[in-house]
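Student: Given next are the chains, with one letter for each unit.
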Amino acid sequence: MFEDGTIINELLIERLNYFIYVVLLLIGLHAMIAKKNLIKKLIGMSIFQTAIILFYVSIGVKEGSTIPVYLPEHDPHGSHSVPSDTNETSHFDHGPVILDSSLVKGYANPLPHVLMLTAIVVGVATLGLALALCQRIYQGYGTIEEDELLAKMESREIRSKTLSVQIPKDQKLPKKDELKKEKSRSVSKSKTLSASKPKPKGKK
Amino acid sequence: MSLDQTIFIPVLAESLHTTTSPTPLQFFGILLSLLGLFFFVGTAVGMIRFPDFYTRMHAAGKGDTLSTMLMLSGFGLVSMEDLSMGSWLLFFKIMGVVLFIFITCPTSSHALMRAAFEDDEMPMTEKDLKKPSAKKK
Amino acid sequence: MKLLSYIPVLVVGVLLLYAAKDFPEWGSPDAPASKSPVSSHFIANTGVDTEVPNMVTAVLADYRGFDTMFETVVVFIAGMAVLAILKNSGRKKLVKREFEVDAEPDLIVTNTVRLLVPVIQIFAFYVLAHGHVSPGGGFQGGVLMGASFILVALSWDLETALIRFPLNWTTILGGLGIFLYAGIGLLSMFLGGEFLDYSELANIFPVSREMARYHAMLGVEIGVGLTVTAIMFSLYANLSTEGRLQRGL
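So the protein sequences, as listed, match chains B, R and C.
For my numbering, count along the first sequence from 1 and bump the result up by 806.
For my numbering, count along the second sequence from 1 and bump the result up by 14.
For my numbering, count along the third sequence from 1 and bump the result up by 5.
With the rest of the complex left out, here is chain B (with noise of 0.2 Å):
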């Protein structure tokens, strides 16, 4: 079953960390295909991210690497980390230097790292813009299931072009602020005032 050059050994042993990217890829790109909710949909963008960051961060691999920072011989300021029993000279024999292909090999590759954490802060600021805007949705239409939302939406236009050939134009309802100030006038001086005014209608 795992003998070299099956379909199997490749996917399973060689080349493990495409076969979970690309699986976690797809639950995540089923999740925001396929699920009503919305923060459903929002999680699976999540665990999409995830298999992004993924495939990115195992591409940087290298076997027989340490992480991307200088060991002590080769770091520039690297004799504070050195012990103190090596002699005075050593302090002076290991400046900047750049190093050969043969050092190279020996660090992992930085630059997917980079771009990685760049992804992870980029996925943090829009995950709570989208949470912002599902709690808006929420507040305006009172769910957030994908269908409701889209019947609620339906009925609320529906309304909304009935009432505007009823009502005309220029009879708009008056801003909030005039409303508070209205209402501070009308406490302070005199009810026939207030009474006398329309009182507002439809607020939510």
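Simulated from the structure, these hints should not be mistaken for lab results.
Take every hint as true, because none was put in to throw you off.
Listed next, the stretches of chain C that the computed footprint assigns to chain B, with coverage defined by at least 3 CB atoms under 8 Å from CB atoms of chain B:
no., stretch
1, 9 to 22
2, 27 to 40
3, 46 to 52
4, 67 to 77
5, 242 to 248
What you are looking at is a predicted structure, and each value in this text was computed from that prediction instead of being measured.
Note that beta-carbon positions come from the ideal geometry of N, C-alpha and C, so glycine has one too.
On the provided structure of chain B, position chains R and C as indicated by the hints.
Tutor: Here is chains R and C on its own, set in the frame of chain B:
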């Protein structure tokens, strides 16, 4: 590439074959890690098998704290191959993490318990066990 | 409809798995990404160019400084957008939600948090300032710093955290962080270099050109950390209360 050359097994094989026999300190560390692993399994079983919220939190809070602390101190001991400055530094860093977990883990389970109590979640009593309806939920 | 959604998913999956056959093997040093002249240049020359031991920090704040600057701007804009969406968004009345319980802040939790928050904040400063020589940097330190304030908000309530970190400070601090970042870039431009070419700062500070880049990176990371701290807390405060900023979780 065959099965014994997979991406996981070389790491294990390397650590098993190439290193010399562990020092007594390292051996003790491995024992501690295995003990921690045992308690971890106990935690997982308790989370599934216990009947209500409070007993589950009991399993999670206690078992998780103990097993994580045991495993981390085991790792700290394993990392001390020689008693050099660097390994002592690593050991103390791991001990700092252990201290952090010792403070935060019980607090977090206490906070969860308290939240459940404020929300009128009742602990399971003998009466609930006798009722047939409470068996499956 | 549900079954229909499986079709694109399966098609994408088969295509991606088919393409995975051509990707390099796990951990091979000859992979195109590792062999490319860009990343090997970064590994070989970071020490000479900037004297920063941590290549990730050097690439993030120096070589790709433009990218990181607008990354920070994206975070700031997201925070401001959340503020704009949720502020004055209807429902100003305190509707008691069904899961809300009137409870005093717990004694054990608050005392533990009192103990931990200073440690977390000091660790955040350590991560931010030590990002040159060990894993860390502005984003990580900023997130830790923001998390400490979120911890206060979780264990007492949001009002207590807002006394420590008022919400209009988050706007100011977030802007200040970007201003610091772009200011260092502009300063190096006025000194004769290109935008974000920190080595020109050696003209006014008594350090070598490499160490100028080293220290300018610290300034840039502090800017990033300020913005991220402010925006993390602002996101939490707005999202947990639907923009009302009282009676959070």
